[in-house]
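Turn these sequences into a full structure, and let the hints steer you where they fit.
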Amino acid sequence: MRIDKTVLAAILVAGVMAPAAAVAQEVSDGVVKIGILNDQSGVYADFGGKWSVEAAKMAVEDFGGKVLDKPIEIIDADHQNKPDIAVNIAREWYDTKQVDAIMELTTSSVALAVQGLSKEKGKIDIVTGAATTELTGKQCSPYGFHWAYDTHALAVGTGGALVKAGGDSWFFLTADYAFGYSLEQQTADFVKANGGKVLGEVRHPLATTDFSSFLLQAQSSGAKVIGLANAGLDTANAIKQASEFGIVQGGQKLAALLFTLAEVHGLGAEAAQGLNLTEGWYWDQNDKNREFGKRFMERTGRMPNMIQAGTYSAVLQYLKAVKAAGTDETKAVAKQLHEMPVHDLFAKNGHVQANGRMVYDMYLFQVKKPDEMKGKWDYYNEVATVPGKDAFLSVKDSGCDVSAFGK
Amino acid sequence: MTMIFGIPLPALLGQLLIGFINGSFYALLSLGLAVIFGLLRVINFAHGAQYMLGAFAAYLLLAYTGIGFWPALVIAPLIVAAISALIERTMLSRLYDLDHLYGLLFTFGLALILEGSFRWYFGAAGQPYSGPQILAGGTNLGFMFLPNYRGFVVVASIVICLAVWLLIEKTRLGAYLRAATENPQLVQAFGVNVPLLLTLTYALGAGLAGLAGVLAAPVYQVSPLMGSNLIIIVFAVVVIGGMGSIGGAIITGYVLGILEGLTKVFYPEASNIVVFVIMAVVLMLRPAGLFGKEV
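As you go down the protein sequences, you meet chains A and B in turn. Offset between the first sequence (1-based) and the numbering used here: plus 560. Offset between the second sequence (1-based) and the numbering used here: plus 1.
Just so you know, these hints were derived from the structure itself, not from any lab. Careful, some of the hints might be misleading.
From the structure, some residues in chain B lie toward chain A, with a derived Cβ separation under 8 Å [unchecked claim]:
1. P11
2. A12
3. G15
4. R120
5. P129
6. G139
7. M145
8. F146
9. Y221
10. Q222
11. N230
12. P269
What the simulated footprint calls covered on chain B by chain A, stretch by stretch (three residues with Cβ under 8 Å from a Cβ of chain A suffice, anywhere in the stretch; the number is not a length) [what the hints assert, rightly or not]:
13. 18-32
14. 257-266
Beta carbons are placed, not taken as given, at the ideal position from N, Cα and C, and that holds for glycine.
Have a look at this one:
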């Protein structure tokens with residue numbers, strides 16, 4: 561009972577002293593707490609999911625489990641791809657669970673909502689799982705960061721490769737929410753800028769199981785390339801059903817604009833072979849990646865994709881920033897995150913722009929034929945590097961008003 | 002090219018056919034639901050889970066025993082029917098004398114438990130299941146490329162629906178069934194084993210859901226939530242057709258599949274609500290459903 565009272569007193573005092581604590585060189589609540597909020601049971605469960613939580617825990621262990629002599633804790637929750645649920649969880653985490661930063665945030669609509677809340681609460685969020693460039697564009701936050709990839713990088717990488725290969729007429733199958741629009745529009749802009757044209761598009765609800773009707777419209781459009789501006793299971797289902805309806809045999813190409821190792825594995829090499837895709841990281845690129853992949857495999861039974869490896873990097877970089885700032889106070893840590901170079905097994909030469917976008921080199925891969933594979937997860941051939949400056953929008957082009965950040 | 006409402010005719014025909022394919026699944030599922038409701042007065046919310054069980058039974062048969070699609074088409078529904086019969090005998094039958102609401106709550110809870118445990122064990126992502134080799138590939142119909150397997154689904158669904166309808170409306174067994182639900186005491190007095198009949202009816206309805214699950218496995222991925230995505234639509238189909246009307250459920254299933262297909266052509270964003278809009282309209286104009294009898 562006595563202890564409870566002491567704790568209560570401490571909380572009250574801390575509450576009163578909160579404005580002063582912002583300047584103090586210390587860790588709030590005696591623990592650095594990171595929340596991993598993503599889809600753990602829906603269409604994007606393999607895309608990031610509980611595997612991202614595992615990657616975050618690995619980052620904490622690799623960092624030594626403590627920062628500024630205080631313990632580091634990872635908590636996680638499933639937001640079911642619903643922005644309202646996500647915001648409720650995030651609010652609870654910030655208000656009552658002493659969470660210092662929220663990361664991963666798969667699904668663009670969720671990421672935008674949680675970033676809005678984080679900005680309002682003066683908290684840091686690092687998005688690895690969502691794609692929309694809005695996060696570092698019109699809806700950017702001084703404490704919001706975007707790791708791993710975004711729709712612009714995908715448009716330039718995968719879209720660019722297909723345009724180069726002669727794909728000058730496109731039809732889009734687009735997921736009917738922020739991410740899909742952003743991906744479709746940026747790819748379409750890129751196609752048009754390179755002399756191609758867009759013949760049409762059709763919007764489908766998130767988590768569609770039957771794409772046949774949409775695929776049929778794409779087929780009858782006569783477009784050379786069918787751009788799949790969706791993700792996760794949606795893309796996998798669309799590809800599988802496209803082969804049923806003889807779309808590829810008919811001479812049309814499929815562009816899976818957002819496709820990662822997790823979906824390739826789910827679909828199988830037989831159906832995925834030959835697909836071009838853009839990722840920022842692949843386990844078999846070098847010894848460091850292979851070593852990480854092996855450790856991840858031992859814990860989860862699968863190889864990480866760029867979302868999971870990116871979450872590892874985001875957590876690690878955040879902890880480095882807390883250490884450098886000497887506190888977990890938001891502004892001080894955000895300043896460090898903006899200034900420190902990103903140099904880890906995920907990003908070799910990364911830096912963070914003023915709008916929060918982490919810029920690093922991405923890669924164009926092609927999925928191997930089944931008979932070329934040497935092992936169970938040996939899926940990719942590396943085709944090209946997409947330099948960071950081409951892959952990501954500059955602060956000027958992003959639409960983010962960074963001059964408002966100081967206010 | 003001939004155009005209808007600004008849509009090329011071949012595209013329209015293609016969409017109609019796809020709507021018909023989806024309608025086949027709606028019809029099969031709503032048929033089972035209508036059988037169970039019509040004869041047992043149980044609102045079977047576990048129907049989606051039983052559909053999922055059918056797909057998983059086929060998947061597990063292939064993965065662990067190497068039993069392929071054709072045998073699974075018979076074995077998997079029997080497994081689902083057996084499990085459901087057991088559930089009916091040990092649990093559901095105790096609720097017959099109570100308000101319908103208890104049956105609904107029980108089956109809803111059952112569905113959550115089944116889906117939750119499968120999700121826990123297999124994960125949320127789908128498991129791939131290949132259809133039979135003989136039906137691989139497709140046929141070019143001129144206006145569209147029809148995957149052979151989907152063509153088979155349409156034929157199978159029509160045959161099964163007709164067979165079940167005949168069984169219940171035209172055979173002696175069906176007559177017993179209908180009589181047993183009308184006046185169980187009297188039928189019992191004639192020496193018919195009524196509880197057994199009811200168990201068989203529930204097993205039949207659930208088995209139909211399992212069969213639809215096996216048929217769906219090669220088209221959609223086998224996933225724990227495949228049923229919960231569908232069950233709400235199927236309930237809407239049954240409500241529109243008229244609760245308990247078996248023929249109504251079948252016809253409404255196909256018609257709504259086609260209407261949904263057409264919506265996907267004209268205004269795709271509305272495709273997942275069109276069924277419910279129709280349901281609302283039908284309930285306002287004909288509360289007993291299109292083919293239901295006013296009570």
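Comparing the hints with the structure gives:
Annotation: interface hint on B:P11 holds; nearest CB of chain A at approximately 7 Å, less than 8 Å. Against a cut-off of 8 Å between C-beta atoms, the interface hint on B:A12 holds, since the closest Cβ of chain A lies about 5 Å away. For the restraint placing B:G15 at the interface with chain A, the shortest Cβ-Cβ distance is roughly 5 Å, inside the 8 Å limit, so the hint holds. At about 6 Å, the closest approach between the beta carbon of B:R120 and any beta carbon in chain A falls short of 8 Å, and the interface hint on this residue holds.
Here the hint on B:P129 is kept, as its CB sits about 6 Å from the closest CB of chain A, short of 8 Å. For B:G139, the suggested interface contact is upheld, since its CB lies about 5 Å from the closest CB of chain A, less than 8 Å. For B:M145, the interface hint holds, since its Cβ comes within 8 Å of a Cβ in chain A; the closest pair sits about 6 Å apart. This hint holds: B:F146 has a C-beta 4 Å from the nearest C-beta of chain A, less than the 8 Å allowed.
Interface hint status for B:Y221: upheld, as the beta-carbon distance to the closest one in chain A is roughly 5 Å, under 8 Å. Hint status for B:Q222: holds, given a least beta-carbon distance of 7 Å to chain A, under 8 Å. At its closest, the beta carbon of B:N230 sits 6 Å from a beta carbon of chain A; the interface hint therefore holds under the 8 Å criterion. Interface hint status for B:P269: upheld, as the beta-carbon distance to the closest one in chain A is roughly 5 Å, under 8 Å.
Coverage of the segment 18-32 of chain B by chain A holds. Counting CB-CB distances below 8 Å, 4 residues qualify, and the rule asks for three or more. Note: the segment 257-266 of chain B has 3 residues with beta-carbon separation from chain A under 8 Å; the three-residue rule is met and the coverage holds.
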